[in-house]
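Q: Two chains, two separate frames, one set of hints: put the complex together.
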Amino acid sequence: AGLAGAGWLYLRREKEQRLRQRRLRDLRALALGQGDFQLQDTSGAPRSRSDLLGRWVLLYFGFTHCPDVCPEELEKLCRAVELLEGVPGLPPVQPLFITVDPARDDAAALGRYLRDFHPRLQGLTGTAEQVRAAAGAFRVYVSAGDPDPDGDYVVDHSVLTFLLGPDGLVRDCYGRSRTAEELARSVRRHMESYEPLPP
Amino acid sequence: AAGMAAPTREERTACWGARDEFWQCLDSHGDDAAKCEKLRRAFESRCPQQWVKHFDKRRDFLKYKKKLETEGYIPPEAAGKS
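Protein chains in written order, with full-length UniProt numbering: chain B, 1 to 199; chain G, 1 to 82.
For reference, chain G alone in the conformation it holds in the complex (with noise of 0.2 Å):
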């Protein structure tokens, strides 16, 4: 078995709380990360990087997921109609 070991119970609940708090943080301010740099900076020293990567997809997802469910989708224009 190669490198680090997984994380606890307990570390993967710190990480998980650290990343919540970055959202809630992002949520009240528009998605501004500017405004969340401690809890961002939180959340990197509490979860593996890797972790941090696969949450920041996780992110993005969700909020395009949101997107689509409230904007619906929006096919690129045809080149024109027959």
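Just chain B, same shape as in the assembly (with noise of 0.2 Å):
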């Protein structure tokens, strides 16, 4: 009976190692933020995705003049990066903001919101052509509104966390009604039982 239980966990653990893999292929080849992006960071330095490699990443599309759910969403996704500093032996995250409304998120906007959230909270801006590159890479909605006659608009757009492993993969994303405690477990687990997509 033992052996035949020991047995059944091997295949059990064959079959998940399966599964990853799969998953892992089927991510790939959705090539989600594949190819790379040519953005700036809150001080000007130019930034391209393979910056990115080597780290763990979560990745947030929004802009500085969204009424809510940007906020939102970057207090759960910082709250999660919090909780899983709390965890011994887990690799860091780098926490990161690409802006979709370049045209008034400039270095300076970005570094001013973004320092209400967290220490480590990295912003990316740049030319429209840049951003509409880097959000298209992503599959990332976004829309424009008519501007007020002051010249204010919002901008829709989609919205979810990425997150992306060392080797540059987008592992997981993530959307409004998860939680930032469903988040940091989420991380956990990708990083737990992460393995390098072969080549």
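Just so you know, the hints here were simulated from the structure itself, not pulled from any lab data. Glycine is no exception: its CB is placed at the ideal position from the N, C-alpha and C atoms. Some clues are possibly wrong.
To be verified - Stretch by stretch, here's where chain G covers chain B in the computed footprint (C-beta under 8 Å, at least three residues):
1) 64–70
2) 146–157
As the list claims (entries may be wrong) - Which residues of chain G face chain B? A few of them, derived with a C-beta cut under 8 Å, are:
3) 45
4) 48
5) 50
6) 54
7) 61
Said to hold, decoys possible - Computed from the model, here is a short list of chain B residues facing chain G with C-beta under 10 Å:
8) 104
9) 105
10) 113
11) 116
12) 117
13) 119
14) 120
15) 189
A: Rendered as structure tokens:
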């Protein structure tokens, strides 16, 4: 009976391993977030996607003039990062914000906005073309609304937080309904079962 | 970068607070906006106009959603049953 139990456990682990590998291949085929981007951080320094390699990243696309969703999602993302910081032995997570409103969100504006959330939260902006390319790579929908007489407008956009692994592959994405605790638990699971995708 | 700076964290919190007070007033007066004019004006003065529009739409959506949850979806009358 012991031997059969051990055999069953082995088969189950093998099956989980196969499922994980298949999911990774599917993720890679989806090619989400593939391709390089060229943006600038809040100090104006150029940053490309390859700068993120080697780290776990939680990435959110938003804009600083956002009425409620972006501050809420950023709070949540940063709270998840804090929770993970409290778990010994886990690699650090880089929280990252990319603006979908480069016309108003220059480096200085981003720096002012992100300061309120987490000390390690970084922000990226760029030209309209650069930002469009980056959002497009992640299939993030972006649509600026009509400006009012003061020139103010809101930007409609997909509300998603992406988890990137150290190999640069998008490992998961999280919508509005997930809590910070759920995010942290999911990231931890990904970290603990992490296998770089074979070439 | 064009126009005004984005609201700061303090300004956001003040706007959300004014919005919540206005909404609480509406809740306790059966959505009679006439009974909550002062709070409406405070809300409009604390929030960018674009945010006021956004939150107005959000309130409509939340009410609609609640209606669906309590009353259920009532489809338009069918032309005739076979």
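Q: Under the constraints set out in the numbered hints, which ones does this structure not fulfil?
A: 3, 7, 13, 14, 15
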